[in-house]
Structures are given as structure tokens and as C-alpha cells.
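Q: Listed below, chain by chain, are the residues.
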Amino acid sequence: MHIQVVRRGGIAGVTLRGETDTAELAGAGRDTEELLRALPSGGPAVPGRPDRFRYEITVTEAGRSQTAHFNEGELPEGLRPVVKAVLDRGTLD
Amino acid sequence: MTTRHPLHCIVPPGLLDRLARASDEAVRNAALDTLALDRRFRLTRAESAARTGGFLARPVTFARTGGQPNRTIHDQQHSESQTPGVVVRSEGQPPVSDSAVNQAYDGLGATYDYYWSIFQRDSLDGQGLPLVGCVHFGTAYDNAFYDGAGHMFFGDGDGQMLTQTTAGIDVIGHELTHGVTQHEANLTYSGQSGALNESVSDVFGIQVKQRVLGLDVTQSDWLIGADIVGPELQPALRSMAAPGTANPHDDQPADMDHYVPGGDVHTNSGIPNHAFFVVATTLGGHAWDAAGPIWYATVCDPALHPGASFAQFAKLTLKHAQRDYGQGSSEATAVRAGWDAVKVPL
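If you read the sequences in order, they're chains Y and S.
To convert, take the position in the first sequence, counting from 1, and add 45; that gives the working numbering.
To convert, take the position in the second sequence, counting from 1, and add 31; that gives the working numbering.
Treat the hints with caution; some may be incorrect.
Computed, partial: chain S to chain Y, Cβ under 10 Å [unchecked claim]:
| no. | residue |
| --- | --- |
| 1 | Glu122 |
| 2 | Gln124 |
| 3 | Ala175 |
| 4 | Phe176 |
| 5 | Tyr177 |
| 6 | Gly199 |
| 7 | Thr212 |
| 8 | Gly222 |
| 9 | Asn228 |
| 10 | Pro279 |
| 11 | His280 |
| 12 | Asp281 |
Worth flagging that the hints you see were computed from the coordinates, not collected in a lab.
Just so it is clear, the structure is predicted and the values come from calculations on it, not from any experiment.
Think of the CB as a built atom: it goes at the ideal place given N, C-alpha and C, for glycine as much as any other residue.
Kindly produce the complete structure, drawing on both the sequences and the hints.
A: The following block contains the structure:
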């Protein structure tokens, strides 16, 4: 399973982008993959709060991609370590 | 007097709906007008309630004279909880050993003092709202934000993108100004209104910094976040003098020819940011002599609606420049020059 995370916003207003295969993520087992498969597609209906982050998570498996959008604070608790791990190896646009 | 007051109208809306379908054209038009007005009032009422958290008026619990902030600094101890942590410094207490605590305390004070001294505004809500600063939010957290309820959270940065965010007086002024905007125009945080919301925060954030350092418009570098950037974002987050040039990742446009459709609110804010820079530097002196007050009057103008476009905002700045300084004043001319420079039509 391939995962791409894009973080936008924050006071810096820069875009941080990272991607990896879940197999390469330490501690990301079957539970994490289940969480990623269950992500709702589409985005939050409301604009985010000023200077908070916005996340875009794209999961690709067996040639099919699905993208979910979250405002900071709405990110599912179980996914936070994964998002952080992917962004830690990310680069700025 | 024939003035109607549809706010609490005695004519039931059902009757108006029937009249709106009447065959007589005059009756039909009058009913349609009244219905439209009524909807506008309902919208305004709902919008106004949203700004103040559902309360139309705050009960007066004690008489405030204003002029003194009420600050409390909390240590989040690297938690991402948005409940304020341990109290580490309260109003009137001496500095402590943690520089983040003292910077937050001083920055909140400088912002309060700016709004009080220049506009006699008593804190973010104009009613003495206590200012709560929460330092050491999260681990290596590359951000600072205002939560909409009097609390400002500061990350320590990861040392690469951002460093200790409390070090930026302009950053603190920027965040607290989100609170002022929320209580006034409540600009919707997306599209052009979102970019205006961001720009207003930069416009007043830079003035708070200029005022603390005693800088006039020629002495200021007009950089936002210069004191909180790490090596990746050197030398600053944004440049009001030259949007798009603040760091290698800066994608801000400087005029409408380069507006980014669907762009982040921090991207297109470069356009109104640069307009303010041109107005302030055309006038000379301190940014808060005239340019700041014109922008402040615009943000507080009930005619500025939450979904305002750049052009609607620009027209209101001209209205206030003309009303407060005169039709042919140098202030009005400078405002025209500012919006002309960024190609926003007046």
C-alpha cells in the first residue's frame, strides 16, 4: 500500500509533501492499513480555522487511489503517527 | 414616517408569500422587495450571532476602564491538548527563566497596547477579553495559531522550517488579529475573503512589530516571520514589500495578474499585503498614522461582509480614506495608488 500526505496552511503557508510504502513505515502494521482503507473520500465541508494545517491523504492499492481531506484536529487519532512519519521524510513544494 | 422595520415584522411571511404571487404588479414587487429585505435581515442577524458565539450582547458584569491587558501564560509541556496547561506567569508577575514564556507575555502585551493606544480597542473583542498564551505546544510543532476563544498556542518549531514561534512579535500580532477579525468582519477563511483575513493579520502584525521597535515605514523590512524561520525558510515567511521573494518556497503573487485560483489563503494574501505596503510607504511616517486606521475602519465597517472580495474591501478602504481625510486628500490618493499597484479595480 502506498501513502502520500500533503500538509498545507499553518502560519508559514507552505506545502509539505511526503510519500512512502506502508511496508517501509516502522510500526505501521495491518491495523494502520485497515484505517487507511477506511478513510472517507472527499473533504471537510467547512473551511479550516485560521493558521491551522490542512491534510490531504492519498492511499493507492492495487492500482486504485483514494484521497481524503482533513482539517487539523479532525485527523483520526490512530493516523497521526503515520501522517507524522510520512511528513518527516517530506519536502517543501 | 413610512419607514418599515422588517426586523421583527408584524406581517406574517406567509401573507407576503401570497402577495408576492399577486396579479397586481405593484403589489407583487412590493411584497418581493419586503421578502428580500427580510431575508437579508435574517442573514445579518444569524451572522452577527455567529461572531459573538450566540450571544447578541454581553452582560455587563463589571465596569472596565480598559488600557490594561489581562495575560496568563501556560506551559503545554509538549502536549497537543488545547486545554491550557500549567500556569507559569500571570499579569504583573516578573519574568521567569523560560524565554518562550516571557516572549509570549511581552508579545501579547505589545499587541494589546497597539490596539488600545491607536484605536482605544480594549482587547480582541473590545470588551477586555483575557489573553491566554500557551507555549511549548506539541513536539517540534511548526506553527502558532489562535483558537478563536482567547487562547494563542505556540509551537517550538522543528529547527528547520521554524524555530521558537514566540520570538516573532509580528507573529503574535498576526495571530491575535485573527481574533479581532473574528469579532468584526468575520471574513470567511477561503477564497478572496480568506486571503483578506490572512492579509489583515499580516498588516496589523507588522505594525505591532514596527511600533515596538519604533520603526517608520522606510526603516521597516516589511518581512513577516523573520524572527521565527529556520534554515529552510530563511530569511522570512512573507514579504509585504515584494511578495513571492521571502524564501525559496514563497509562492505569493504581488498583483491580480498573478492571482492563484483556488490558492491557499496565505498565497493570495500577497496582493492586499502589497497594497497596504504601497499605501503606507506612499504616505510616509508610521504605518499607524493613517494607513493602519484606514484599514482598521474597513475591518470594523458593518458594510464589509464575511464573503468580501478584494475589490469590495478596496472600495471600503477608499470610502474611509475619503470620509476621514477628505475626497482629495493625500490619504485618498495613496489608497488609490495602493490598489492600482496590485491591479484591484476601485
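Q: Each hint: holds or not?
A: Quick rundown of the hints versus the structure:
Of the supplied interface hints, the one on S:Glu122 is violated, with its beta-carbon coming no nearer than about 25 Å to a beta-carbon of chain Y, more than 10 Å. At its closest, the beta carbon of S:Gln124 sits 28 Å from a beta carbon of chain Y; the interface hint therefore is violated under the 10 Å criterion. With 10 Å as the threshold, the beta carbon of S:Ala175 comes within range of chain Y, its nearest partner Cβ sitting at about 6 Å, so the hint holds. Given the 10 Å rule on beta carbons, the hint for S:Phe176 holds: about 4 Å separates it from the nearest Cβ of chain Y.
Among the interface hints, the one on S:Tyr177 holds; its C-beta lies about 6 Å from the nearest C-beta in chain Y, closer than the 10 Å criterion. Taken as an interface hint, S:Gly199 checks out: its beta carbon lies about 9 Å from the nearest beta carbon of chain Y, inside 10 Å. Using the Cβ-Cβ criterion of 10 Å, the hint placing S:Thr212 at the interface with chain Y is satisfied: the shortest such distance is roughly 8 Å. About 9 Å separates the beta-carbon of S:Gly222 from the nearest beta-carbon of chain Y, less than 10 Å, and the hint is met.
The restraint placing S:Asn228 at the interface with chain Y holds, with a minimum CB-CB distance near 6 Å, inside the 10 Å limit. A least Cβ separation of about 8 Å between S:Pro279 and chain Y falls short of the 10 Å threshold, and the interface hint therefore holds. Hint on S:His280 holds. Least Cβ distance to chain Y is approximately 5 Å, under the 10 Å limit. With its C-beta approaching chain Y no nearer than about 8 Å, S:Asp281 sits inside the 10 Å limit, and its interface hint holds.
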